[in-house]
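Listed below are the residues making up each chain.
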Amino acid sequence: MKKPAIESSDDRPVKTRWVPHGITWFILRRVLLGIATLFIISLIVFGATQALPGDAARAILGREATPQKLAAVRKQLNLNRPVTDQYREWLGGIVTGDFGRSLANQLPVSSFLGNRIVNSGFLVLLSAVISIPLSLLIGSLGALWRDRPFDTVTSIINLALAALPEFVIGVGLILLFATSVFQFLPAVSLISPDTPVWEELEFIVLPALTLILAVTPYISRIMRGSMIEVLESDYVEMARLKGLRERLVISRHALPNGIIPAIQVTALQLAYLAGGVVVIEFVFTFPGIGQALVDAVAKRDLPIIQSLSMLIAGVYVVLNLLADVATILISPRLRTSLR
Amino acid sequence: MLEVENLRVELTYSSADIVDEISFHIVAGEVLGLVGESGSGKSTIGLALLGHQRRGARVAGGEVRLEGDNILTWSPGRLRKLRGGVVSYVPQDPSASLNPALRIGKQLEETLEAHAYGGSSKARHDRIDEMMSEVLLPADREFLQRYPHQLSGGQLQRVALAMAFACRPKVIVLDEPTTALDVTTQSHVLGTVRDLCVAHGVAALYVTHDLAVVASVADRLAVMYAGRMVELGPKEQLFKSAAHPYTKRLIQAVPDISGRFELVGIPGRAPPPGHRPEGCFFAPRCEFADDKARREFPGVTHVSESHQVRCWHAEEVFAEAARARGLRKDGSGRDEQDKGLLAVRGLQAYYRSRHVLHDVNIEVWPRQCVAVVGESGSGKTTLARCVVGLHREFSGEVLLRGKALETSARSRDQQSRRQIQYIFQSPYSSLNPRKTIGQIIAQPLRLFSDLGRRDAEARTIEALERVSLSGAYLSRYPDQLSGGERQRVAIARALAAQPSLLVCDEVTSALDVSVQAAIVELLGELQRDLGLGLLFITHNLALIRTIAQEVAVMADGRIVEAGPVASVLDSPQADYTKKLLSDTPSLTTV
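So the protein lines, in turn, are chains R and F.
According to my numbering, the residues represented by the first sequence are 29 to 367, in order.
According to my numbering, the residues represented by the second sequence are 146 to 735, in order.
No lab work stands behind these hints, which were simulated from the structure alone.
A couple of the hints might just be wrong.
Said to hold, decoys possible - Chain R regions said to be covered by chain F (calculated; three or more residues, Cβ under 8 Å):
{"no.": "1", "stretch": "115-125"}
{"no.": "2", "stretch": "281-294"}
{"no.": "3", "stretch": "352-361"}
Said to hold, decoys possible - Here are some of the chain F residues that sit facing chain R, going by a computed Cβ distance under 7 Å:
{"no.": "4", "residue": "Arg228"}
{"no.": "5", "residue": "Leu243"}
{"no.": "6", "residue": "Gly264"}
{"no.": "7", "residue": "Ser266"}
{"no.": "8", "residue": "Gln290"}
{"no.": "9", "residue": "Arg394"}
Built from N, CA and C at the ideal position, the CB exists for glycine as well.
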């Protein structure tokens with residue numbers, strides 16, 4: 029006994045149209061927004077310089093300020109010109125890749141920072157490549173073996189690590205591996221900024237390990253939480269009740285959905301790494317941007333400080349953009365609702 | 146085909162029983178309806194037929210025999226092959242039970258693959274096409290390429306049905322598969338379920354809290370109360386002469402489309418696992434309860450060969466042949482001197498560029514309940530949102546006591562905001578879980594009055610008592626309350642503002658029937674005693690006769706028919722209304 033196919037109003041699809049250029053348009057819009065964000069940040073960074081007591085030259089020279097030196101610095105920084113001109117010139121420089129000269133050593137900022145950026149980038153990338161898969165794995169296993177010994181132990185370690193500031197972790201690692209307990213790794217990275225760090229790998233072990241330990245707890249906690257939620261979801265239960273093998277239930281039904289919240293946190297953590305690297309590099313005297321930033325602040329080297337602030341802000345914007353795009357690409361509901 | 150004997154499932158930690166002493170059988174081609182309120186353990190039994198327990202539950206005894214073989218002793222590997230292959234499952238809410246990140250074609254296919262059904266990929270695709278046409282869905286590639294969110298609720302449930310029948314199972318467990326659907330879709334899905342079960346000789350367990358639904362699909366009924374099966378028999382017998390007082394009350398709590406009967410709620414609530422009393426679990430709510438019933442849980446008595454019951458007073462109850470359901474007292478109509486409370490004139494509403502309401506006109510008078518009925522997507526909720534000022538993209542007039550209102554609630558004055566109060570569909574999400582009941586109800590008082598602390602508290606308690614809750618609830622939190630109690634709190638919150646119009650958006654659809662009946666009773670009382678006007682949005686046609694005086698039927702953003710409830714329901718003019726009426730399941734058609 030079959031009924032003819034009935035098209036009731038409810039049987040009409042809610043939304044079917046696949047918009048081919050939705051994602052391109054979305055990315056374009058987000059890139060424009062990112063540029064706008066960076067523009068606002070540039071205003072803040074520049075404005076902060078203007079807000080120094082007296083003027084930038086006086087702040088830079090401090091007690092050494094003699095009328096001649098003041099005049100020289102003012103000339104170099106264009107401080108004699110109207111504020112808007114100064115900003116336009118500075119911004120124009122950044123856009124065309126000219127970041128000015130360092131006040132401390134008169135080198136162009138780009139050549140002074142170039143190697144250091146590469147070094148820090150390598151450190152962050154290495155930490156990320158290890159910590160992201162590791163924390164996704166720990167989080168997923170913790171969820172699968174919820175309340176079993178593995179989960180309890182990793183949870184306690186994660187919470188303990190999350191509670192420690194990263195420089196404490198760094199100092200702890202130095203005590204453990206480089207000085208008091210064992211001595212098989214160097215405590216400080218005594219390499220010249222001009223040597224690429226991958227040629228001296230033993231110097232990068234401890235800084236990278238510190239960053240990994242600082243980031244892994246957050247991502248794995250989020251992954252664990254979101255996997256637990258997904259494993260309790262109706263569709264995972266349904267997948268089991270359909271008779272799918274457990275391996276398939278996890279890999280096809282649970283993981284792809286569980287990973288979505290973790291993506292956003294991963295991006296935030298990576299961006300945090302880009303900033304957090306400052307403290308770690310200082311602890312290990314690692315020749316990267318962090319070290320350079322700390323030095324620049326001590327020497328009131330304004331062009332370097334401004335350039336690095338813009339760089340770190342840029343990393344934040346780009347990573348968040350990437351995370352949003354990735355989230356949209358792997359969740360069909362979001363992908364198809366773009367128009 | 147399938148036999149369950151003395152099944153006991155308990156909580157892992159406390160060993161308190163979720164269900165116990167459950168015995169029944171289902172033969173091939175038969176549909177057994179398993180009826181009970183939420184928390185009665187009916188889903189637990191359904192899942193046990195697949196050898197599955199939810200987290201925190203375990204089987205502690207009894208057998209589930211499939212053709213004589215007890216599946217509860219099977220290894221995980223053997224159970225996996227059973228699930229989806231021999232015994233399959235249709236979930237309650239397919240929008241949550243289908244993976245949002247997988248195309249539906251893939252989800253159908255993997256079921257077949259898991260059971261190595263069909264030798265080749267070609268054979269599996271043919272089987273999918275066959276199943277899609279059996280559940281009246283298109284089987285073309287484009288459709289199978291869709292993701293769950295691109296389908297309507299009815300289509301999703303059909304996909305779930307196709308999935309369940311795909312491997313030609315012998316037993317199928319349907320866990321409230323139509324609760325999330327509106328009546329028209331529900332009736333199509335029910336028809337499909339019945340046809341498929343009969344055509345393929347499948348033994349089906351249909352789990353539901355909705356007696357009217359089960360009446361149209363099941364052959365026999367089993368009634369669950371607090372983890373025990375209290376009555377089991379052919380459905381005609383149960384409806385005609387139930388032998389358990391609970392069954393009897395449950396039947397009385399079902400709103401009927403003919404509206405000849407008064408709705409009677411069942412006061413109190415079923416005891417949860419670990420808090421079940423000595424003696425008969427229903428005794429505290431039962432009019433027949435005596436000392437014996439309070440001491441000892443009754444054993445199984447056979448009323449007839451196929452009809453069994455667990456009640457000390459079964460004969461009395463049974464003999465008191467289907468006590469006529471009380472005839473309804475008619476709600477007081479409008480008083481001539483009352484001024485019109487709410488008038489909606491020429492309302493056109495839009496979502497962005499989509500035109501969702503077309504020239505809608507509605508009037509509500511004090512002491513009057515106007516029901517707005519329609520399927521999901523008909524625009525009834527948009528209408529409610531325009532009235533309260535939550536939806537701003539509309540033109541036309543909304544008049545409160547003859548005074549035109551601004552489109553947005555924010556730009557309306559305090560008086561008119563106070564006078565119109567909105568009650569949401571789900572009491573689970575409309576109450577702030579971090580506030581006590583007292584704080585929740587006092588919220589509108591802070592907004593709309595400058596009462597002192599003591600007066601405010603008095604008003605709060607008054608509002609609570611008005612909805613039959615005591616002052617003891619003041620310091621509790623929403624998650625300590627049942628669904629019905631929460632909805633009462635939501636109503637009390639609305640009442641605290643001393644409104645003249647309540648807009649009720651599907652306020653009972655998240656609730657059990659016995660609770661639904663009690664909430665409807667309460668709203669009727671408020672309407673009579675406080676002279677409130679009610680705009681009652683619902684998709685449940687059967688409810689409106691018991692609460693509303695006027696009804697407007699909506700379809701595709703237009704009012705297709707409006708008028709007094711009796712005349713619209715007894716002699717519908719619009720084809721659409723006729724179709725809605727014929728699709729509504731009813732106990733009296735049994």
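For each hint, the structure was consulted:
1. 115-125: Coverage by chain F is violated here, the residue count being 0 at a Cβ distance below 8 Å.
2. 281-294: With 3 residues closer than 8 Å to chain F, the stretch 281-294 of chain R meets the three-residue bar; holds.
3. 352-361: Per the Cβ count (4), the hint holds.
4. Arg228: Holds: closest Cβ of chain R sits about 4 Å from F/Arg228, inside 7 Å.
5. Leu243: 6 Å, holds
6. Gly264: 18 Å, violated
7. Ser266: It is violated, given that the least Cβ distance between F/Ser266 and chain R is near 17 Å, above 7 Å.
8. Gln290: 9 Å, violated
9. Arg394: Hint on F/Arg394: violated, closest Cβ of chain R at ~31 Å, above 7 Å.
In the structure shown, a violation is registered for the earlier hints numbered 1, 6, 7, 8 and 9, in ascending order.
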